[in-house]
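Work the whole structure out from these sequences, hints included.
Protein chains: 2
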Amino acid sequence: MNTTWMQAASESGFGLDHLPLGRVEAAGRTQAAVRIGDRVLPLAAAADRLSPVPAELLQSDTTSALLAAGPQVWADLRHSVQELLGTEADAITLTTPIRDVKVLLPFDVADYVDFYSSEHHAMNVGRLFRPDSPALPPNWKHLPIGYHGRSGTVVASGTPIGRPNGQTRPTGSADPAFGPSERLDVEVEVGFVVGVPSLLGEPVSAEAFSGHVYGVVLVNDWSARDLQAWEYQPLGPFLGKSFATSVGCWITPLAALESARTPGPKQEPLLPYLHDPDPWTLALDLELAVNGTVVSRPPFASTYYSPGQQLAHMTSNGAALRTGDLYASGTVSGPERGQVGSLLELTAGGAEPVPLDGGRLLGFLEDGDEVRISGTAAAANGGRVTLAEVTGRIEPAGRSVAN
Amino acid sequence: MNTTWMQAASESGFGLDHLPLGRVEAAGRTQAAVRIGDRVLPLAAAADRLSPVPAELLQSDTTSALLAAGPQVWADLRHSVQELLGTEADAITLTTPIRDVKVLLPFDVADYVDFYSSEHHAMNVGRLFRPDSPALPPNWKHLPIGYHGRSGTVVASGTPIGRPNGQTRPTGSADPAFGPSERLDVEVEVGFVVGVPSLLGEPVSAEAFSGHVYGVVLVNDWSARDLQAWEYQPLGPFLGKSFATSVGCWITPLAALESARTPGPKQEPLLPYLHDPDPWTLALDLELAVNGTVVSRPPFASTYYSPGQQLAHMTSNGAALRTGDLYASGTVSGPERGQVGSLLELTAGGAEPVPLDGGRLLGFLEDGDEVRISGTAAAANGGRVTLAEVTGRIEPAGRSVAN
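For the record, the sequence lines run as chains A and B.
The opening position of the first sequence corresponds to residue 9 in the numbering used here, with each subsequent residue numbered one higher.
The opening position of the second sequence corresponds to residue 9 in the numbering used here, with each subsequent residue numbered one higher.
Keep in mind that the hints were calculated from the coordinates and are not lab data.
Since the model is a prediction, treat every value here as computed from it, not as a measurement.
When chains are identical, the list treats them as one kind, so a pair holds in a single copy or across two.
Subject to a maximum C-alpha distance of 20 Å in a straight line, what follows is the list of computed SDA-like cross-link-like pairs (lysine to any residue): (1) Lys149 / Gly187; (2) Lys149 / Phe186; (3) Lys149 / Ala182; (4) Lys149 / Pro184.
Have a look at this one:
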C-alpha cells in the first residue's frame, strides 16, 4: 500500500477512521462513494472487493439502500473499506481524485425537521424576537421544540444561495413590503441522517438511536430574519427558511465519532419518554467563517437536548421515520459571543457589526459573501475527524413575480 | 359499449367527465390507474390503447411520471381514456372492480405544506387558542400563512389512525404530562397536488398554477389539540399534527373541475406578487361525518386565499416545487356553525358537544369513531363530480416509550 497518500488522508481528517458516505458522478454513472483524503472510492465499481456487503446495495445509484440496510451492513462496509484501502497494494487504483468527480447531495432527503435545542440560542433569539416575553418559552425545558422544514430545498454544500424575496414589515411601517431580504443570516447546525425506517405508530426510544441513525452532516439553515419575523406567528417559520438549507456532501458515520462522545449538559427532570439511560452528545468543534474570517466557534456539546432525545420526541406521537429523514439540532450557540451560530446573535440583530479581515464590517450577509461552516471531532487515533464543510455564496435576489 | 355501467359510473360522480388518477395493486403489479364508477382502469395493461400518451409513462409503478409530464400529457390521457371507455365496445374488459384491487396512496408525497387560509377558521381558532390577542393575526390579510407538515405520515384514506401520545399541560397544572391525546380532532381541507416541478430560485406566479398543479384531493389533517396547544409556540405545530394526515385515494384532475370554478371572496389589497389576473377558486361542497352523522358542510369557495395565490406565495422566495408536492388549504370553515371544518370549532373547544344519530354527544374523537370527509362539485353535464372520500377510524393509543 502507498503509505504516503494514506498518511495524507489521515492528516486531512478523512483517513481510514472516518470514511464518510456520499454520492458522486464518476466513471459515467451516479453512485454511492466513500471519501478518503482528497480522493473518493466509488462503490459500484468496487462492489466485488467489498464482501460481505451485498453487491446490489453498492451498485445502486443512490445511497438509500445502504442507509436503509442498518448497523450490521454499515459496520461491514466500514470494515471492508478499511481492509481494502488499508492493506491492498492496488487500492489507490480503485479511487479517483475528488476534483475529477461531481459530488452530489449525499442522500435523498425524506422529511427535514429542525430543532431548537441550544439553550443559549433560544435565549438569545427570544430576547431579540420577543423582547416582552420571558427569553425561554415555558415549554422549552420540557420538550425539544422543533418544526418541519422544506426537504425539497435541501441542497449540497457549494450550491449558490440566491437572496430570497419576500414580505417584510419594515420597522415603523403599518403595511408590509415585498423585496429582497435585508437580513439574510446563517444558522450553524448539526444534522442527523436516518437510515433505518420505523413503522407508523411505533415510537423510537433514545436508546434505539444507533439502530436508526447512520451519521452526521453539518447544516447551514439559511434564514431571512425579516421574512421570518413578519410571517412566523402563529404557525412558525416558513418562507424565511424554505428557500435553501445547505448540508455537507459527506455523511460522517456515527462509528467514526465514538471518541467524540461526551455527556450532555445537566438537564432538569424530564418526562420518562425522553429519558436516555446513557445520556450522551458529541464534542464537535464547529467554526463559522465569512469571506475567510472565522467569526464564531460554536461548541455542539453545549446543546441541551441530545440527538437521541430529539429522535425519541419526534417519534413519540407514532410518527414514522423514513430512510433519508434529516433532523438538525437547531442553531448551535455557546455562552460566549464568539460561540454563537447565527449573525443575528453575533451582531445583536445587526446593531453591532463585527470586523472581517480586510476591514468589512459584517452585519447580515451581503451579495457575494462566502459562508463556510466546518467542524472537527476527536478521532480514535488521537487525531481529528474532519466533518465535510458546508459552503455557500450569496447571489443577488432573482426575479420576483412582481417584476 | 355497455351503456348501463357507464350510466352508473356517471351517476356515482366518477363518470367519463371525472377520471381521477390513482395507484393500485392489480394484475400482480403496482401501477397507475384511472377510476371509473366502481371500477378501475389499470394503465400499464392498457398502455397500447392510450396513444398518444407515451407508454413508458403509463407503465411506471407510480403516478410520478404522469404527474411530471405536464398539461399536454394530462389532456392526452384524459381524452384517450374518454375515447377508449366511451366508444370501444370491449372497454369494460380492460377494467377491474375496485373491490378486487388494492388502492394505494395516489402519489409519492414530496413536501407537504398546510395553509391557514379560511378566514372563519382563523378567527375561530384565534379566539380559542389566543383569547387575549386579536382573533386574526396582523399578517393574516397580507399573506397566506402556512407551514410545512410531515410528508412521511401522509396516508391513504382508510388507514386506521392511532390516537397519538404526547406532552400536554392540563389546565391549572404547572407541569406537563405525557399520555394519549384527549382532544383528538379533524381538519377538513382541500389539497392540491403538484405535477410539474419548478427550478430553485424561480417563483411560480398564480397565473402559472395550471401549468404545475395536476389536481385535487380531500385531506383530513388530523390534529391533537392538547399536544398542539402546549408545543406550538414559538415555532408552530409539530407532533400535534405529524402523527397522520389522510388524503383521498384518487386525484381529481383540474380539468374535471372546470364547471366548479367561481370567483373567490373579495380581498383587501394585496402585494403585487399575490395578484391573480383571473382570481378564482372552486365551489366544492364538503361534508364531515362522524359515525355516519353529517355534522358539518364546509363551503370551500369561502376560503380567502385562492390555490393560485397559495402557490405564488409558497414559491415567492425561490423555493422549488417537486412532483408530488402537496399543499392543503387549511381547515375550511364557513361563517355558520354547521359549516366549520374542525370539532374544535364545532363544539367550542369541546364545551358544547353535538348529538350524533343514536344519541352519542360528540366532543373530540373517541376510540372507534369513524370519520368521513366527502365532497362534490358541479360537473359539465349538469351532474356532480364526486371527490374521493377520506375516511379513518380512531384506534386506541399504542405503546409509548415510557411504557
